[in-house]
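> What follows is the residue order along each chain.
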Amino acid sequence: MALPSYASPVQRTYYYFYLFFCTVVFFFLIAPLFAIIPISFSVSPFMVFTEGMLAWPPDPEAWSIRWYRNMIGDCSADVVSSTVPCSTKWMKGTVNSFYIGIIATVIATALGTLAALGLSRPHMPYKGLIMAILISPMIVPLIITAAGMFFFYARINLVYTFTGVILAHVALATPFVVITVTATLVGFDMNMVKAAQSLGAKPMRTFFKVIMPLILPGIISGALFAFITSFDEVVIVMFMASIDQLTIPKQMWAGIRQEISPVILCMATCLVLLSIFLLTTVEVLRRRSEKLRGIKAR
Amino acid sequence: MEVTISTAELLTTDGIPLKQSLRKAERRNKLRAFLLVFPLLLFIFVTFVMPIGDMLLRSVDDSQINSVFPNTFDEYKNWDKGADELPPEEVYKSLFFELANGDKRQIGKALTRMNYAKSGWKSLIKKTTREIKKIVKKGEEPVSYKDTFININKLWADPTYWYSFNQMVKDRSSIYYWNALDRTFDEEGDVVLQDEKRRMYIKTWLRTFKVSVYVTIFCLILGFPVAHLLANLPLRYSNLLMIFVLLPFWTSLLVRTTAWIVMLQQNGVINGILVWLGVISDDGRIQMVYNEVGTLIAMTQILLPFMILPLYSVMRVIPKSHMRAAQNLGAKPVTAFLRVYLPQTIPGISAGGLLVFVLAIGYFITPELVGGKDGKLIGSWIAYHLKTTLNWGLCAALGAILLGIMLIFYWLYNKIVGIDNIKLG
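In the order they appear, the protein sequences are chains X and R. For what it's worth, our numbering labels the leading residue of the first sequence as 63, then goes sequentially. For what it's worth, our numbering labels the leading residue of the second sequence as 3, then goes sequentially.
Hints are computed from structural coordinates only; laboratory data are not their basis. Just so it is clear, the structure is predicted and the values come from calculations on it, not from any experiment. Beta carbons are placed, not taken as given, at the ideal position from N, Cα and C, and that holds for glycine. Be careful, since some hints might not be right.
According to the in silico footprint, chain X covers these stretches of chain R (three or more CB under 8 Å from chain X) [to be verified]:
#1 227-238
#2 242-254
#3 403-412
The following label-pair restraints were derived from C-beta to C-beta distances [said to hold, decoys possible]:
#4 X/GLY190 <-> R/SER125: 52 to 60 Å
#5 R/GLN108 <-> X/TYR222: 21 to 29 Å
#6 R/PRO335 <-> X/LEU335: 42 to 50 Å
#7 X/ARG267 <-> R/ARG29: 21 to 29 Å
#8 X/SER67 <-> R/LEU242: 20 to 28 Å
#9 X/LYS271 <-> R/ALA333: 54 to 62 Å
Listed below are the simulated SDA-like cross-link pairs for lysine to any residue, each with C-alpha atoms no more than 25 Å apart in a straight line [claimed, not checked]:
#10 R/LYS32 <-> X/LEU247
#11 R/LYS21 <-> X/TYR188
#12 R/LYS32 <-> X/TYR188
#13 R/LYS111 <-> X/LEU220
This is chain X alone, in the form it adopts within the complex (with noise of 0.2 Å):
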């Protein structure tokens, strides 16, 4: 990728210039997300970089973790602000969706990867059919299928429960799961389900003593991305749940919306520390199921 020794000037100039540009969009888009992690520290309730913070030397009366008891609901006189409430919502958003996420994982898990089993059998009929069907729910606009999804478990009472909420949620993250195991079953050699086979193993002991620990990782990638699809989700909750199922999603949305309140930011640190925990798993992961599948790195 350098740049040749013989290169002319101008190429020179656009060399830099081409380096300068993409260091630009990194910075684009990296940047929104580091920059709230020292504003949540702030002792200011605006979301904002205050003098004290930008001071040299640092001014230790400007920072503080006050936002962050406030999150865990702790409400001491020093801790609360007139401008921001304080309640226990936080904390009972993160049971909340963390409840919803797991359930949701484990049944979308379970499902997807049967299904991914079914679809990598070379004998499939109507194989693009049942694909596009079952990866639908991650195509259409989140916004319609609240709509739709509203107005359907309206007429058989599951709006406003936790089973209606996490039924949506499974069929929105077992896309995921399905192409996840799917593009590890691709180069399976099927020829050791055959020898197990052969060699006497029932169906359920060939996939729990073969296939199960050769495609675990794909499995455990896909279960990543269902739950933070789940974890995430704000568009169905907004319209599916109650305060009963209130979730993080659905309190910081309450959050940006109503009050513009510091304690968003302390999540939304808590959710970019979560994001790169789950990004560095699944990349180990998918260098395991490469290794695992006998496929070199370039």
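Guided by the hints, dock chain R onto chain X, whose structure is given.
The following block gives chain R in isolation, referenced to the frame of chain X:
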């Protein structure tokens, strides 16, 4: 030695013809594969496909009002509009009893529907119902129901109200679709433009397209060089830089939207830096959020990974020798790029472009939060009618149109890229 060719069919050890036995095995395999997929297929069908279908039906459904005023509508159909100026006595009579004895909640719903057809219906019927109930209470039987109505309110002698019934007598109606395109029915049942002040959907549709096209172009301009860099760097560097693309992809949409509000607001980070640099004065801070600019900036950043990833996967397999060969043969770098490199990236450009465009036209959260008044897209109207006005027919029609547009573009995407080639991360 004589070679004999057996013309008899090949048989398995069980004596079944081999062809038949193979076909049976094939069928069993197909069934097994299908059984694995079946649970999810059923699940998606019930929890997703049926709700969408239900929404599509709702967008043309007009049966509720027919269940409230069945007799009136039956009599109405007998009215010869050419001969009489006003409907016959029977229409007034059935309406009298259906208003007097009808379920209050159902009538309320029907009134909302009637108001879509002609504004004024709601208050007229409400007032009339009150008077009718008084008459029924007294136990009087009116001599002429028609005169009774006209005595209660002169508007009952205005045929334009009666004409507006015309569009409601059928169980199915296309009115919501026409509404979604700023059209309505006039007295003769012809499609006409809405009043000037009620035309807002065409404007929003056009803005949705405009914003989506701009976002796609911006994503292409920003994404192309980055994808090129990632595709040409040694893997250990590009994997590291790939984190910059994938991390936003994994981060909650709300977090990214919040981040943009923090960056772009009037006393936000960008304005702060510009003031500090002396580019703008402290009271000349630029309004960058809660308008269309905010929507464009935030959506471009949010959708950029969807452009970079397909471009990257296409560019990675373009041999580097092609550019060198072109330049060796005397092409200037620009010519070599335009005639050799660019054409090979077309699949990536079309895949990324379509993906970004399709995602953008259905976007709701980001425009709603950073778009302010003039940056909202069609998704906001769907949410508004779903939650606030409860005009579910119009909500469903807007959704159905959006869905139709999406399907056309996905059909294109499938033709060009193949829908099962979608990859994540």
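> State for each hint whether it applies.
Against the structure, the hints come out as follows:
no.: 1; hint: 227-238; result: holds (count 7)
no.: 2; hint: 242-254; result: holds (count 10)
no.: 3; hint: 403-412; result: holds (count 4)
no.: 4; hint: X/GLY190 <-> R/SER125: 52 to 60 Å; result: 55 Å, holds
no.: 5; hint: R/GLN108 <-> X/TYR222: 21 to 29 Å; result: 23 Å, holds
no.: 6; hint: R/PRO335 <-> X/LEU335: 42 to 50 Å; result: 43 Å, holds
no.: 7; hint: X/ARG267 <-> R/ARG29: 21 to 29 Å; result: 25 Å, holds
no.: 8; hint: X/SER67 <-> R/LEU242: 20 to 28 Å; result: 26 Å, holds
no.: 9; hint: X/LYS271 <-> R/ALA333: 54 to 62 Å; result: 58 Å, holds
no.: 10; hint: R/LYS32 <-> X/LEU247; result: 18 Å, holds
no.: 11; hint: R/LYS21 <-> X/TYR188; result: 23 Å, holds
no.: 12; hint: R/LYS32 <-> X/TYR188; result: 10 Å, holds
no.: 13; hint: R/LYS111 <-> X/LEU220; result: 22 Å, holds
Going down the numbered hints, you'll see the structure goes against none, and every one checks out.
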